[in-house]
Amino acid sequence: MDDNYKEYLAIRVLSDQRPVTYRLLSRALKVNVNTAKRMLYEFHKKQNAKKPGSVHATYLLTGTRRSEDATNGSNGKDGDDIDMRLSPPMSSMPEQDDEEPEEKPIPESVIILVEEEDLEEEKADFEDITSIHVYSLEPGPIVNLDMLSICNEEIVTEHSKDDPLKRWKTYGSIHNPYMKRRITKYTPIPPKAAAKPTAPAKKDEAKDPAPQKNAPESAPQPAATAAAKTTSKTTKTKATAKKDKSVGDIFTSFAKSKPKAKAPEPKPAPPEDEPMQGMSEDEGDDDDNDDDQDPGPQVKPDAAKAAATKKAREDREEELRKMMEEDIEMPDATEREESPEPTFDAPVEKSAGVGVGVAKPAEPEPAVTVQAGRRRGRRRVTKKKKVKDADGYLVTKEETVWESFSEAEPEPKKAKPTPKPAAGGGAAKGKKGAGVAKGQGSIASFFKKA
Amino acid sequence: MSTRLIELEPTFTHNRLSALRPPLSALRSPLSALQMGLKDSNMLRGEPFDDDPADEAPRIASNYRPLHTFDLPYGADRQYAHQFADVYFLRLVQLKNAVKQKAAQAWDNFELRGKKPKFVDRVLDVRQGELCWMVGTVYMDMASKPNVLDDLSHEHWIAAAPAPDSYIDPDGKDKMMFEDESGRLRVTGEMLSAHYVTGCILAALGTEQADGVFQVIATQYADLPRQPQRWEREDVAHTKAKQPKPKREKAGKIALISGLDISDTSTDVRLDLLLEYLTGEAAGPTEQSKAATISRLLIAGNSFERASPILSRKDFDVMRSQKKQYAWELSDNLVPTQRLDSFLSQLLPTLPVTLIPGDTDPAGVALPQQPLHPVMFEQSRAFANPPLETNETLHGLDFVTNPWEGDIDGFRVLGTGGQTVKDLLRYVDGVDPIDAMEMMLRWRCIAPTAPDTLWCYPFQDDDPLLLRESPHVYFAGNAKAFQARTVVGPAGQRVLLVAVPRFSVSGDIVLVDMESLEAEVVHVGMGRRREMGKNGEGEGEMVG
Numbered sequence: 001m002d003d004n005y006k007e008y009l010a011i012r013v014l015s016d017q018r019p020v021t022y023r024l025l026s027r028a029l030k031v032n033v034n035t036a037k038r039m040l041y042e043f044h045k046k047q048n049a050k051k052p053g054s055v056h057a058t059y060l061l062t063g064t065r066r067s068e069d070a071t072n073g074s075n076g077k078d079g080d081d082i083d084m085r086l087s088p089p090m091s092s093m094p095e096q097d098d099e100e101p102e103e104k105p106i107p108e109s110v111i112i113l114v115e116e117e118d119l120e121e122e123k124a125d126f127e128d129i130t131s132i133h134v135y136s137l138e139p140g141p142i143v144n145l146d147m148l149s150i151c152n153e154e155i156v157t158e159h160s161k162d163d164p165l166k167r168w169k170t171y172g173s174i175h176n177p178y179m180k181r182r183i184t185k186y187t188p189i190p191p192k193a194a195a196k197p198t199a200p201a202k203k204d205e206a207k208d209p210a211p212q213k214n215a216p217e218s219a220p221q222p223a224a225t226a227a228a229k230t231t232s233k234t235t236k237t238k239a240t241a242k243k244d245k246s247v248g249d250i251f252t253s254f255a256k257s258k259p260k261a262k263a264p265e266p267k268p269a270p271p272e273d274e275p276m277q278g279m280s281e282d283e284g285d286d287d288d289n290d291d292d293q294d295p296g297p298q299v300k301p302d303a304a305k306a307a308a309t310k311k312a313r314e315d316r317e318e319e320l321r322k323m324m325e326e327d328i329e330m331p332d333a334t335e336r337e338e339s340p341e342p343t344f345d346a347p348v349e350k351s352a353g354v355g356v357g358v359a360k361p362a363e364p365e366p367a368v369t370v371q372a373g374r375r376r377g378r379r380r381v382t383k384k385k386k387v388k389d390a391d392g393y394l395v396t397k398e399e400t401v402w403e404s405f406s407e408a409e410p411e412p413k414k415a416k417p418t419p420k421p422a423a424g425g426g427a428a429k430g431k432k433g434a435g436v437a438k439g440q441g442s443i444a445s446f447f448k449k450a
Numbered sequence: 001m002s003t004r005l006i007e008l009e010p011t012f013t014h015n016r017l018s019a020l021r022p023p024l025s026a027l028r029s030p031l032s033a034l035q036m037g038l039k040d041s042n043m044l045r046g047e048p049f050d051d052d053p054a055d056e057a058p059r060i061a062s063n064y065r066p067l068h069t070f071d072l073p074y075g076a077d078r079q080y081a082h083q084f085a086d087v088y089f090l091r092l093v094q095l096k097n098a099v100k101q102k103a104a105q106a107w108d109n110f111e112l113r114g115k116k117p118k119f120v121d122r123v124l125d126v127r128q129g130e131l132c133w134m135v136g137t138v139y140m141d142m143a144s145k146p147n148v149l150d151d152l153s154h155e156h157w158i159a160a161a162p163a164p165d166s167y168i169d170p171d172g173k174d175k176m177m178f179e180d181e182s183g184r185l186r187v188t189g190e191m192l193s194a195h196y197v198t199g200c201i202l203a204a205l206g207t208e209q210a211d212g213v214f215q216v217i218a219t220q221y222a223d224l225p226r227q228p229q230r231w232e233r234e235d236v237a238h239t240k241a242k243q244p245k246p247k248r249e250k251a252g253k254i255a256l257i258s259g260l261d262i263s264d265t266s267t268d269v270r271l272d273l274l275l276e277y278l279t280g281e282a283a284g285p286t287e288q289s290k291a292a293t294i295s296r297l298l299i300a301g302n303s304f305e306r307a308s309p310i311l312s313r314k315d316f317d318v319m320r321s322q323k324k325q326y327a328w329e330l331s332d333n334l335v336p337t338q339r340l341d342s343f344l345s346q347l348l349p350t351l352p353v354t355l356i357p358g359d360t361d362p363a364g365v366a367l368p369q370q371p372l373h374p375v376m377f378e379q380s381r382a383f384a385n386p387p388l389e390t391n392e393t394l395h396g397l398d399f400v401t402n403p404w405e406g407d408i409d410g411f412r413v414l415g416t417g418g419q420t421v422k423d424l425l426r427y428v429d430g431v432d433p434i435d436a437m438e439m440m441l442r443w444r445c446i447a448p449t450a451p452d453t454l455w456c457y458p459f460q461d462d463d464p465l466l467l468r469e470s471p472h473v474y475f476a477g478n479a480k481a482f483q484a485r486t487v488v489g490p491a492g493q494r495v496l497l498v499a500v501p502r503f504s505v506s507g508d509i510v511l512v513d514m515e516s517l518e519a520e521v522v523h524v525g526m527g528r529r530r531e532m533g534k535n536g537e538g539e540g541e542m543v544g
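If you read the sequences in order, they're chains A and B. Just so you know, full-length UniProt numbering puts 224 at position 224 of the first sequence, and the rest follows in order with no gaps. Just so you know, full-length UniProt numbering puts 221 at position 221 of the second sequence, and the rest follows in order with no gaps.
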């Protein structure tokens, strides 16, 4: 540290001819501001001893000025003012009249920038000087002191990469232990964060939360979460990868007339217990909105894996069926064209449904695609149906039906789908008793409605 | 140690030099030098740089409990279709009793030529020649006051014309009216001229003259309402929760500034000094530890020079001269926002900030102005809680309404961006902002001139701009100069009024001690020679 500052100052002031403030120096050398002030003083003294006038200093002077100046600002105008509180002649408030003396002189301290030429003169004006230090050094007298604020601008642009909540340790600004800083998704993320899926996801997750709390470092931290996410995702997809391939073959046979842009890769298809997620294949990890507040998916892979090994077969079938459902809910135009396809699909769908229905009540998962700022997909809605029963009474039945939707991007009910799988399962179980025939009527009802 | 003593020498010489002049500082200087020596705070000292442990006291905690009195409903619940008449009606209904009580007390024993004054319930029930008193809303009929009917009869404004500096008619043709639900009555009287504004609720004693004008002899107003005890809200909450009262540390100070007037062109080194002072980087350890007692910064409006959709008179002229049609053409760049953002983001790691918008800030023009939107503050909003989760940030950056009310260190603090005061001063002549502020409190109405000449939300069921409880500190931003006063209410309420000057003009920061409720000023600026030049410009600007 010893001579660093001389070099820095020599380059900055003498050769580059640019001003430097103590604050900039402290940021550049990572030293305490008070040390930086003294470094400026030392440099100024030494340089001017070598060659008088080579460096110009501006001082910061604090203290109190002589009283007549202190009052000047505050009650200078008082004399010619009409008192607005002219109280009514018979006012009942005596305190209004003798209130005036209460305005006692207000203590005023000053913090001023003074150039070295004016220093002695200014000091003479002070009643009490509490501190004085070199504020900045510059190659020569400056025309406008406002120019010095470029140093602080430089701090913002050049020296603000560190954690703002830890700056006090290095630079000696006042520490505030109560301050918290959120990590927003706007805090810069190193671009390569998404491209390292090798690390085991579990370890990352175990490690992450701790540093997350007390080390809110701007850059590396979001990277870590992002990395953890990618890894968790890849392992998850790995778990389903095997069966996906087999599905792919069957799937392609159905999807021949499908628009290319929408062709869903097997990868993003969520395993059955994953909460609803965007399914568009171009959804990168970094435009995932829930980066920092939705830890849900991170815990999932284990459950997904267990479920996958246990019910690989059901999964496969369900996946297949989901593909087809997605296939069907195309933009309206293509739907018309493909009118023969549903009839072709229906038997497959039914057989799959029956197969699953016995082993486990497979409930279609809500699939949502995001496309050009709009979300499309299917959701479950509870509808009331009035039926006249055998005795001629009107009976209202509640039925859950699938319904396709398409709406503007930020889906308002984003939070809801998370508890849904459980609820859906429960509802499905109940429905199983009611009758399997009705349970799988989703496609049919979809077209009936249309 | 010995080297250090030698190194200290320059201070003594410096102080001696200045000590030669006045006897007073001769007494003080060695003392302060001694203090400096003890704290080893001499900054005019070179090598070795062996000290500076970061062992300074941390910043004093800010006990901050904002109230959300002035929050407007969101979305479709925010209705602008209502009539403003309700605002006046509500005001009269809610204040009538208080004013009546006050007046009854005052005029109970009053007699004029053997006659006792009679209370008249409705303004129109006043009989000619009969001594009586009534309660009503003041309406000032002033020639230069903007009139919404005039505006309508003219063509539609593309941009509303800026308000004139004063509404007072130079020929003295302004009329004062008294109104209630029943009607209006013209009033005159010596003591009335230039002291009252539209919207304040008064009781007036007098008689109706032959020409139908009510001659006022005396008036009464509601005066300060009840003042909560210190820590009242917290204590009540604790008692409800059956918790013991917490042990409270000695409170620090709050810093008030307003009118930073950040624009895209001007740079102001004083803003840097302000920042460095508040973060505790500028000056020596004595000053730095003093700065650590500042527990919160409140910015009272006009952080931007011109970001309001309504133009100032100056900008209006500029706009017309440049043949521009829309306000945004004057200020369609992001530099000011980024500047304020970077200022706040450097400050926030060490100091919590409450940001109150003002009339030049992009926060809507109608009172109560709603909080500035965090989206503008890319860096500093990381210190604010996300608006979807909570509407307050206790430690960090709190975007609040204007006016704003809350408890800081147990005391009730009420603050505005200053447009209420500014508008009130247009009605009256030769009145200080601080007087206007006092009158507002005594009339129990924070914005009496809204909705007449101040834009205001059309409140339907309740008007939060009426003063329910006396604050302990009432500040208003963007005053011409700093002023402070402690006013006393009828029940012993003590309120500290602070007129916070525009920082861009004065360079003043106001500190309010939250134990003693006393104000002090810290002036940030430059040497006399420099400041002379700068002030010259500033004065010229203010006159023009």
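No lab work stands behind these hints, which were simulated from the structure alone. A couple of the hints might just be wrong.
What the hints assert, rightly or not - In the EDC-like style, the derived pairs of lysine to aspartate or glutamate whose C-alpha atoms are separated by at most 20 Å in a straight line are: (1) A:6 x A:42; (2) A:166 x B:56; (3) A:123 x B:531; (4) B:480 x B:469; (5) B:290 x A:127; (6) B:290 x B:249; (7) B:250 x B:531; (8) A:161 x B:181; (9) A:180 x B:392; (10) B:96 x B:235; (11) A:30 x A:42; (12) A:161 x B:378; (13) A:180 x B:520; (14) B:480 x A:108; (15) A:30 x B:56; (16) A:180 x B:531; (17) B:290 x A:317; (18) A:388 x A:403; (19) A:169 x B:378; (20) A:180 x B:378; (21) A:166 x A:146; (22) A:46 x A:3; (23) A:50 x A:108; (24) B:290 x A:108.
Claimed, not checked - To list a few chain A residues with every Cβ distance to chain B over 12 Å, as calculated: (25) 54; (26) 177; (27) 384; (28) 386.
Said to hold, decoys possible - To give a feel for the contact side, a few chain B residues facing chain A, derived at Cβ under 10 Å: (29) 122; (30) 124; (31) 236; (32) 240; (33) 242; (34) 244; (35) 267; (36) 376; (37) 379; (38) 392; (39) 394.
Note that this is a predicted model, so its numbers are computed, not measured. By construction, the Cβ of each residue, glycine as well, lies at the ideal position given by its N, Cα and C atoms.
Hint check:
no.	hint	verdict
1	A:6 x A:42	holds (9 Å)
2	A:166 x B:56	holds (14 Å)
3	A:123 x B:531	holds (15 Å)
4	B:480 x B:469	violated (27 Å)
5	B:290 x A:127	holds (19 Å)
6	B:290 x B:249	holds (16 Å)
7	B:250 x B:531	violated (37 Å)
8	A:161 x B:181	violated (63 Å)
9	A:180 x B:392	holds (14 Å)
10	B:96 x B:235	violated (32 Å)
11	A:30 x A:42	holds (18 Å)
12	A:161 x B:378	holds (15 Å)
13	A:180 x B:520	violated (30 Å)
14	B:480 x A:108	holds (17 Å)
15	A:30 x B:56	holds (18 Å)
16	A:180 x B:531	violated (38 Å)
17	B:290 x A:317	violated (72 Å)
18	A:388 x A:403	violated (24 Å)
19	A:169 x B:378	violated (25 Å)
20	A:180 x B:378	holds (16 Å)
21	A:166 x A:146	violated (29 Å)
22	A:46 x A:3	holds (13 Å)
23	A:50 x A:108	violated (40 Å)
24	B:290 x A:108	holds (14 Å)
25	54	holds (17 Å)
26	177	violated (6 Å)
27	384	holds (27 Å)
28	386	holds (32 Å)
29	122	violated (22 Å)
30	124	violated (24 Å)
31	236	violated (24 Å)
32	240	violated (25 Å)
33	242	violated (26 Å)
34	244	violated (22 Å)
35	267	holds (5 Å)
36	376	violated (13 Å)
37	379	holds (9 Å)
38	392	violated (14 Å)
39	394	holds (8 Å)
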